[in-house]
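Engineer: Please construct the entire structure, taking both the sequences and the accompanying hints into account.
Number of protein chains: 2
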Amino acid sequence: MRDKMIGSLKEALKAMGLADGMTLSFHHHLRNGDAVLNGALDAASSLGISGLTVAASSIFPVHAPLVEHIRRGTVSRLEVNYMSGPVADFVSQGGMAEPVIFRTHGGRPRAIESGELPIDIAVVAAPSADGRGNLTGTKGPSACGSLGYAMADARCAKRVLAVTDNPMDRVAPASIDQSLVDAVVTVDSIGDPAGIVSGTTRMPRDPVALVMARCAAIAIKASGLLVEGVSFQTGAGGASLAAASYLGDMMKDLGIVGSFGMGGITSHMVRFLREGLVQRLYDVQCFDLEAVKSIAEDERHVEVSASLYASPGTKGPLVDDLDVVILGATEIDLDFNVNVHTDSSGRIIGGSGGHSDTAAGANLAVVVAPLVRSRLPIVVDRVTTVSTPGDTVDLLVTERGMAVNPARPELREALDRAGLPVMSIRELREVALSITGVPRSSRSKGRTVGIVEYRDGSLIDRISEVS
Amino acid sequence: MRDKMIGSLKEALKAMGLADGMTLSFHHHLRNGDAVLNGALDAASSLGISGLTVAASSIFPVHAPLVEHIRRGTVSRLEVNYMSGPVADFVSQGGMAEPVIFRTHGGRPRAIESGELPIDIAVVAAPSADGRGNLTGTKGPSACGSLGYAMADARCAKRVLAVTDNPMDRVAPASIDQSLVDAVVTVDSIGDPAGIVSGTTRMPRDPVALVMARCAAIAIKASGLLVEGVSFQTGAGGASLAAASYLGDMMKDLGIVGSFGMGGITSHMVRFLREGLVQRLYDVQCFDLEAVKSIAEDERHVEVSASLYASPGTKGPLVDDLDVVILGATEIDLDFNVNVHTDSSGRIIGGSGGHSDTAAGANLAVVVAPLVRSRLPIVVDRVTTVSTPGDTVDLLVTERGMAVNPARPELREALDRAGLPVMSIRELREVALSITGVPRSSRSKGRTVGIVEYRDGSLIDRISEVS
Numbered sequence: 000m001r002d003k004m005i006g007s008l009k010e011a012l013k014a015m016g017l018a019d020g021m022t023l024s025f026h027h028h029l030r031n032g033d034a035v036l037n038g039a040l041d042a043a044s045s046l047g048i049s050g051l052t053v054a055a056s057s058i059f060p061v062h063a064p065l066v067e068h069i070r071r072g073t074v075s076r077l078e079v080n081y082m083s084g085p086v087a088d089f090v091s092q093g094g095m096a097e098p099v100i101f102r103t104h105g106g107r108p109r110a111i112e113s114g115e116l117p118i119d120i121a122v123v124a125a126p127s128a129d130g131r132g133n134l135t136g137t138k139g140p141s142a143c144g145s146l147g148y149a150m151a152d153a154r155c156a157k158r159v160l161a162v163t164d165n166p167m168d169r170v171a172p173a174s175i176d177q178s179l180v181d182a183v184v185t186v187d188s189i190g191d192p193a194g195i196v197s198g199t200t201r202m203p204r205d206p207v208a209l210v211m212a213r214c215a216a217i218a219i220k221a222s223g224l225l226v227e228g229v230s231f232q233t234g235a236g237g238a239s240l241a242a243a244s245y246l247g248d249m250m251k252d253l254g255i256v257g258s259f260g261m262g263g264i265t266s267h268m269v270r271f272l273r274e275g276l277v278q279r280l281y282d283v284q285c286f287d288l289e290a291v292k293s294i295a296e297d298e299r300h301v302e303v304s305a306s307l308y309a310s311p312g313t314k315g316p317l318v319d320d321l322d323v324v325i326l327g328a329t330e331i332d333l334d335f336n337v338n339v340h341t342d343s344s345g346r347i348i349g350g351s352g353g354h355s356d357t358a359a360g361a362n363l364a365v366v367v368a369p370l371v372r373s374r375l376p377i378v379v380d381r382v383t384t385v386s387t388p389g390d391t392v393d394l395l396v397t398e399r400g401m402a403v404n405p406a407r408p409e410l411r412e413a414l415d416r417a418g419l420p421v422m423s424i425r426e427l428r429e430v431a432l433s434i435t436g437v438p439r440s441s442r443s444k445g446r447t448v449g450i451v452e453y454r455d456g457s458l459i460d461r462i463s464e465v466s
Numbered sequence: 000m001r002d003k004m005i006g007s008l009k010e011a012l013k014a015m016g017l018a019d020g021m022t023l024s025f026h027h028h029l030r031n032g033d034a035v036l037n038g039a040l041d042a043a044s045s046l047g048i049s050g051l052t053v054a055a056s057s058i059f060p061v062h063a064p065l066v067e068h069i070r071r072g073t074v075s076r077l078e079v080n081y082m083s084g085p086v087a088d089f090v091s092q093g094g095m096a097e098p099v100i101f102r103t104h105g106g107r108p109r110a111i112e113s114g115e116l117p118i119d120i121a122v123v124a125a126p127s128a129d130g131r132g133n134l135t136g137t138k139g140p141s142a143c144g145s146l147g148y149a150m151a152d153a154r155c156a157k158r159v160l161a162v163t164d165n166p167m168d169r170v171a172p173a174s175i176d177q178s179l180v181d182a183v184v185t186v187d188s189i190g191d192p193a194g195i196v197s198g199t200t201r202m203p204r205d206p207v208a209l210v211m212a213r214c215a216a217i218a219i220k221a222s223g224l225l226v227e228g229v230s231f232q233t234g235a236g237g238a239s240l241a242a243a244s245y246l247g248d249m250m251k252d253l254g255i256v257g258s259f260g261m262g263g264i265t266s267h268m269v270r271f272l273r274e275g276l277v278q279r280l281y282d283v284q285c286f287d288l289e290a291v292k293s294i295a296e297d298e299r300h301v302e303v304s305a306s307l308y309a310s311p312g313t314k315g316p317l318v319d320d321l322d323v324v325i326l327g328a329t330e331i332d333l334d335f336n337v338n339v340h341t342d343s344s345g346r347i348i349g350g351s352g353g354h355s356d357t358a359a360g361a362n363l364a365v366v367v368a369p370l371v372r373s374r375l376p377i378v379v380d381r382v383t384t385v386s387t388p389g390d391t392v393d394l395l396v397t398e399r400g401m402a403v404n405p406a407r408p409e410l411r412e413a414l415d416r417a418g419l420p421v422m423s424i425r426e427l428r429e430v431a432l433s434i435t436g437v438p439r440s441s442r443s444k445g446r447t448v449g450i451v452e453y454r455d456g457s458l459i460d461r462i463s464e465v466s
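Residue numbers (numbering that gives the first Met the number 0), protein chains in the order written: chain A, 0 to 466; chain B, 0 to 466.
No lab work stands behind these hints, which were simulated from the structure alone. No experiment lies behind these values; they were computed from the predicted model shown. One or more of the hints may lead you astray.
Pairs involving identical chains hold if they fit within one copy or between any two copies, as the list cannot separate such chains.
Quick list of in silico lysine-lysine cross-link-like pairs, DSSO-like style, CA-CA up to 27 Å [unchecked claim]: (1) K314 - K13; (2) K314 - K157; (3) K292 - K251; (4) K314 - K138.
Structural biologist: Okay, structure coming up:
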């Protein structure tokens, strides 16, 4: 029954037939605590392998050793949904010959399932696994909850290698089952629990965030969508969490119950479920320990694949059923295009994640962002990088007023009726500039280091080298 | 949110692009209560469609109207895992120009997932469905529990049409989710509950069955496999149920706990789970109401796809993890080949189902059958149809003695040591003939009306027309 167990990562990658130029995939459920991507690439490097493509759903600061693997030639291409930290800096500074391909959380499974992104070996970090290859994220010292981002990889990769630090007798039900897994390796640790999930995601104390959150919640109510059966997604950022909290209070006052909460799930969403404010949670990624505990215990807290969550290649991803999504932004421009890939100097600091998927799917996509951040205006003439196209963004809420996409006159009308401080985005731009002064343009014209794919695979922007 | 709802089966099939010569697939979870296959073919017929291939996991007596659809030319080909009743009779009598393709429960998803059996429209009977296409078998007036046999179809078919009689607000968790489903039709009834599941599957009173069952249980114990962590599958037939019951008593006495029980699940298996005799159940098909209730409520009762259950095309189906399976037989021959497709006159009366999948996977495949049935010997020189190859069958238990496959000398030794009445299969054949006399050979030499595919897709036998 233990026939899929292999002694070490190195042996396992050899057994999988690892060869130069192959594509290895990784998921980011262990976030900034992940030790599996580094471990697998160390093993590949020690096998003398070169020219790998790393298709990781996200890259975090913990993945800094990847820089050395790129320099050494072990890795020559990256395909990610999000990237921050030393690897992102290295890429921005022109460290790679090949541009990084950026996808969305829905675009990635679409590309995998359509054959556009073929994976030779999916390396799946598994908080618990049995020797037959049944995997779950809900148990073990490195428990991360949902394994949603690994599911398309496991289903479509030629070979699937699970890596665990918690071998179990038999895992059932499994998030990824033995029919999909070729081999299982046990290592001492797949990651640092402190980096995987936070204890709990905390409400912000920042007064600006609280003001924005309150305005966003009021605007959502004014939009008319806050009715029985409402569905929503909020992020784990401070303003987003606070907005969700205000929405919850409003739902209680109105006596309504939501259909579902979705997204990266936090303790706050779990509270919504427990208090009966939503009927269920769809969870593609757990953000904190409460969420991990809940997905393990509560059958109304449903693990979903990234494909079901957001892929535009399916017959109806869950993002299409969202009433409201609350999103962040690094920049937003006069056409409501949003940048979450780079800072205003063009340096890579993130990626779309589910940003453009949820914006495209939701009836109301609200961007909540401070008008000025680090002495720079958030509202700009033209975003440095287009992550999410403006025609999918409905409303911008800042601490100094909100702006409605002119393509949504009925929303504008509803907010005006509610007496909300609606301005044009151009006016918000003026207010911002009156505080910051006109920043010097720093749009780089260097070599392309990143290609931004929209969720359907079309090219939406390029990211240039910064000096 | 109701955007996938279509008013009628006819409209829905039209919307799916139904055309002459297409392949429509169906599952058999509603068993002899199913109204969906008949309903869909009536609709296709009324649209003037012809030349359809019906890929149904099983065909039951309730599907008698299919005969008329074949006669009329609406349907010209059948691909099934099991077939009984008027359609089987019609096929045996040469009613179809094209031979029926018989697969196993594991061979079917293998063929679907490999592209060998392409499906144009999967018609999925769904005891509950929401308007977005999330389906479950655990709720509704026609609840059938697991939807395991429909999963490969839903994943791989070009179009997926769900048919329900219990529209719900939102189904989550879902057995088949909205990312896979194109359209949902609500009909008055998808089936007759009395034909879908029995109230409870009853233990046999037939003394012959009880004797065989007791012998089988003792032999299994003697084989040495009845130890902590044992896994097993038993059918819903009388002797099989009784053998399971004896095994349960032995496990209690020995103080051991099994790893899993699997297969079509009955109330008896559910009792094993509740009493702590097994840690979990893997369920590809519920046989009675207790099983349906249990799969809905108990997370240790795990729904599995036919692919995970039995497909040899995957990286390790659950049948490979079976210690013991108890199987039936219409005939078994001197080489231990088993026939479950036809009676001794060559008439189609069933099919492999999971027979050859579990025999191939299990460490110990036990066939339990009376030596004589309807005045005919069960042990024959050569089976009329080879369903399961003899090299995957380890032991035959009859009411008058047991025979071990000579390829398993260590099993023979263990049973001898335990003082069990082991004979050669040739001796059992002699005993049978001494009771029945030598039956006249009736092997038909007519036209091929059925092709029996082994689980890997290779040809294992042909079934001929009978007069």
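Engineer: All hints, please: hold or fail.
Structural biologist: Right, here's what the structure says about each hint:
1. Only between protomers do K314 and K13 lie at most 27 Å apart by alpha-carbon distance; the minimum there is 18 Å, versus 37 Å within a single protomer.
2. Taking the shortest alpha-carbon separations for K314 and K157, both the intra-copy value of 24 Å and the inter-copy value of 11 Å come in at or below 27 Å.
3. Taking the shortest alpha-carbon separations for K292 and K251, only the intra-copy value of 25 Å comes in at or below 27 Å, while the best inter-copy value is 34 Å.
4. For the identical chains of this complex, K314 and K138 are inter-copy neighbours only, at 23 Å across copies versus 32 Å inside a copy, given an alpha-carbon limit of 27 Å.
Comparing the model with each numbered hint stated earlier shows that all of them hold.
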